[in-house]
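Since chain D is already given, all that's left is putting chain Z on it; use the hints.
Protein chains: 2
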Amino acid sequence: MSNISLFQRKYQELKNCLIKIQALEAAASVLNWDQTTYMPTGGTYARGRQIATLKEFAHEELTDQSIGQLLEDLRPYEQSLPYGSTEASLIRVTRRDYERATRVPPKFMAKFCQHQAVSYEAWVKAKSLKDFSIVRPYLEKTLELSRELASFFPYKHIADPLIDLVDEGMTVSILRPLFSKLRQKLRPIVEAITSVPSIDDSCLHQYYPKEQQLQFGCNVIERIGFDFQRGRIDVTPHPFTSSFSIGDVRITTRVYEDNLTESLFSTIHEGGHALYEQGIGLELEGTLLAGGTSSGIHESQSRLWENIVGRSRGFWECFYPQLQGIFLKQLSSVPVSQFYQAINKVVKSPIRTDADEVTYNLHIMIRFDLELAMLEGKLAVKDLPEAWNERYKRDLGIVPANDSQGVMQDVHWYGEMIGGMFQGYTLGNLIAAQIYQGAVKHNPEITVAIEQGNFTLLHKWLKQNIHEHGRKYTANELINRVTGKPLSIDPFIDYIQDKYSNMYDLKGPIPA
Amino acid sequence: MSNISLFQRKYQELKNCLIKIQALEAAASVLNWDQTTYMPTGGTYARGRQIATLKEFAHEELTDQSIGQLLEDLRPYEQSLPYGSTEASLIRVTRRDYERATRVPPKFMAKFCQHQAVSYEAWVKAKSLKDFSIVRPYLEKTLELSRELASFFPYKHIADPLIDLVDEGMTVSILRPLFSKLRQKLRPIVEAITSVPSIDDSCLHQYYPKEQQLQFGCNVIERIGFDFQRGRIDVTPHPFTSSFSIGDVRITTRVYEDNLTESLFSTIHEGGHALYEQGIGLELEGTLLAGGTSSGIHESQSRLWENIVGRSRGFWECFYPQLQGIFLKQLSSVPVSQFYQAINKVVKSPIRTDADEVTYNLHIMIRFDLELAMLEGKLAVKDLPEAWNERYKRDLGIVPANDSQGVMQDVHWYGEMIGGMFQGYTLGNLIAAQIYQGAVKHNPEITVAIEQGNFTLLHKWLKQNIHEHGRKYTANELINRVTGKPLSIDPFIDYIQDKYSNMYDLKGPIPA
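Those protein sequence lines, which keep their order, are chains D and Z.
According to our numbering, the first sequence holds residues 1 to 512 in order.
According to our numbering, the second sequence holds residues 1 to 512 in order.
Next comes chain D alone, as it looks inside the complex (with noise of 0.2 angstroms):
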């Protein structure tokens, strides 16, 4: 056998061990979905074994010897091909996964997996009672296993090997500068919104019915480029995306009744995801390839479509129409500039999401900084509710009612671990500005376009620079790639400064 035919069978091993990961994965996910959809409580129990059996399974195919010398035997195979090429990528991607679950023991992954989900637990408990006390135990022993995770890799920053699994290449050294240079930027801009007099925004707080919400956002989300026959929207308290297979990727939404932007604006959001995962290239299908490259990219392609285009003027000029006429009653004597004002109201409130596109990152920016200083052991937990309480009070001048609206408001620590947790949203929002200032440097008409309900432009040129490549270049990559520059703060302060100075009476131009 000549190496080259060697070589292609070793691959096609290679494939055949993902497809079988992938399937096991995706069977988890499945199963999650269920869980969070339609499945009844009496299920609760026997569920989490069943997905933990999958990805311990997953874990187990994943890091077994013969994938390790199937990716050595490949190394000269790799070495041979270009750097983009499916083959040389889905071995460089499959071998970082690799060496990264062989490095922590299985054991210790079990281990956190079950106090993940009695802290979960716990924390349910102390938020409806808004007792940060009976968490925080939980929350120390997550500290302590987030910091044993983090020594099982090399590392300059303790954060670093956390942020990593999520955020590729992105480390404290670079965020943090970069986080504090955004923070100088956006804290004047902040005050100098909020000083002029406060928009009305009760127009979008009168009686909504559900499933006539539900429909427009369908609507436009399969205008945008959503794919109903390789996807589905159903509702869950807290909105997400999955993916199962490129065919198969679904996202959910929740609906208040009295509030038209909470569901309509989520579902943008996840249809913005959703339209990153069916887009990936079918030749990657099955492998691990198959999704998106980062939390940062994965968010800015949620963001780009929730608020660069659908919170922009131009989006509402063509759906404004459409939505009036559902809503006649509501928002007949609503014209679209008072409309566009109230669905990008600024307000400095203490609930992440729930946050305006200028001061959100605020919000993100001050998780960071805390999630570092307590994997620093510069913040004990226990001093953790006041040290967040400061800090909302210096960024944004408010104080948190209780700990429940505060310290306690996001999951991911009490579920999931500290470190890495935060980063990739303001990533996100960093990331879409300058990807869509790429996309429109390339194509000057998208604007235009997107007035007219055009999406086509945006989505393909989208599909073919960011989606299409599934996890082939890191975010770093793609972005230089994309926008032949590297991270910076400045599409975003820029798209941010533009639109909010055309929008806002502001007094001179907004301090850059």
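Source of the hints: derived by calculation from the structure; they are not laboratory data.
Fair warning: there could be bad hints in the mix.
In this list, chains with the same sequence are indistinguishable; a pair is considered to hold if it fits within one copy or across any two.
[To be verified] No farther apart than 25 angstroms at their CA atoms in a straight line, the calculated lysine-lysine pairs in the DSS-like style are these: (1) K127 x K460; (2) K185 x K348; (3) K441 x K111; (4) K460 x K125; (5) K382 x K127; (6) K55 x K15; (7) K181 x K15; (8) K111 x K15; (9) K10 x K111; (10) K345 x K499; (11) K10 x K107; (12) K181 x K378; (13) K485 x K185.
Same frame as chain D, but now just chain Z:
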């Protein structure tokens, strides 16, 4: 370590293995349920692969030598324990499944599964085109593979191993004389009934809106004992029951708006299957004992509730006022006696799934005999349609209009295999009558309780005597334990004679 604690450790090890296998099997079932209920069409290809992979893993795990070793090591432990103890039963039944699974080469199973998928596709096409020749070559291959599957087991009759896969302990030498006697008894009864003027069941074929039909069906099965905290109902083209754990048992139904009985009795039928699965003892959860013990026993539970209870006069004394209340326009002038007759109309029809409980077994026994003839090599696939039509003429006095309403009406031979596919239905009818007779003998108040809408008495008795045991006992063992007698056709014949001689104005007693 003492022998006992060594055994207990090994027993626990075995249980841990089984919990993993159950998780894989349950995941495959969830994926299958999802495919039938909610999956977008784009997911089809990947889903097939995912389910196949999970089943492969489950098979690999079950046939792992370590299981064989544990079973060997546990033999003395098993023998030291009572036959019906959970421990002894678990070891015994696991050994049976292990031995069965290890006999069949994994490669053969993969080949067979693949063939089943393409054969199913061919059947869908052939049926819609009413052209048997399209599916014939696939069915010939299925016959060959079915024979090969049987050949991995020792047997007296080549169909025995295939029957044993789903109805353990049943053989051709038991079933053939049993069925022959049944046919002899049934044919004159059918003749007697169909010689008197036919019942007018047009009241069932008015317009019945879907939502109200579904709601009524849910009410009925909830009253019977279906626990919606541990199950749910959805709508699919072909009704089925699936169990993912004892706390999560789901049924599906279908609704025709011009037919009141289709959805109702499908729902009760699947509800009966579900009561069985929901009633399994919790200590069996996650093991191979947590399931129905045979096709026949499972079918006995669905048919008992569907026919013996659900088509009884007493049942409708209780439910008919409610049904009339919902469908006032359609039923207010239809007295309960007329409704009762309509839902029990006996008619010689070409389609099994439309058949009443009197003619139903004649349909089944035709299929059973043809299966045996094909497996024995006495009937070639090419001659099957003719043989089918001849038997229908002989046994039911009718000839199907075409092969789609004849030999191609059921999916079983085309999507699964030839052999073991049909005896379970007739066994189910026989066992249902025998078990119900046993239940009433122990609790004579059961029939009155049903008239009063109290189903707890019967449900509780079935739970204690059948459901709770899961797979601890074989069908034959269960029937003997519960009724004190081996399987017999007498209770069924008695039931049919009683019910229908009361209902029809027959000249003289029905011949016995």
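Verification of the hints:
1. Within a single copy, K127 and K460 get their C-alpha atoms no closer than 43 angstroms, and across copies no closer than 41 angstroms, so neither meets the 25 angstroms cut-off.
2. Taking identical chains as interchangeable, the C-alpha atoms of K185 and K348 lie at most 25 angstroms apart only when both belong to the same chain, with a minimum of 16 angstroms there against 83 angstroms between chains.
3. In this homomeric assembly, K441 and K111 never come within 25 angstroms of each other (Cα to Cα): the closest approach is 49 angstroms inside a single copy and 54 angstroms across copies.
4. Taking the shortest Cα distances, K460 and K125 never come within 25 angstroms of each other, neither inside one copy (45 angstroms) nor across copies (37 angstroms).
5. For the homomeric pair K382 and K127, the shortest alpha-carbon distance inside one copy (16 angstroms) is at most 25 angstroms, but the shortest distance between copies (70 angstroms) is not.
6. Within a single copy, K55 and K15 get their C-alpha atoms as close as 19 angstroms, and across copies as close as 19 angstroms, so both meet the 25 angstroms cut-off.
7. Taking identical chains as interchangeable, the C-alpha atoms of K181 and K15 are never at most 25 angstroms apart, the minima being 44 angstroms within one chain and 57 angstroms between chains.
8. In the homo-oligomer, the alpha carbons of K111 and K15 lie at most 25 angstroms apart only across protomers (20 angstroms), although the nearest pairing inside one protomer, at 30 angstroms, exceeds that limit.
9. For a Cα distance limit of 25 angstroms, the shortest separation of K10 from K111 across copies, 23 angstroms, qualifies, whereas the shortest one inside one copy, 35 angstroms, does not.
10. Proximity of K345 to K499 under the C-alpha cut-off of 25 angstroms is restricted to the intra-copy arrangement: shortest distance 12 angstroms within a copy versus 73 angstroms between copies.
11. In this assembly of identical chains, K10 and K107 lie within 25 angstroms of each other by CA distance solely across copies; the values are 21 angstroms between and 30 angstroms within a copy.
12. Proximity of K181 and K378 under a CA criterion of 25 angstroms is satisfied intra-copy only: 22 angstroms inside one chain copy versus 85 angstroms between copies.
13. For the homomeric pair K485 and K185, the shortest alpha-carbon distance inside one copy (20 angstroms) is at most 25 angstroms, but the shortest distance between copies (86 angstroms) is not.
Hints 1, 3, 4 and 7 from the earlier list are contradicted by this structure; the remaining hints agree with it.
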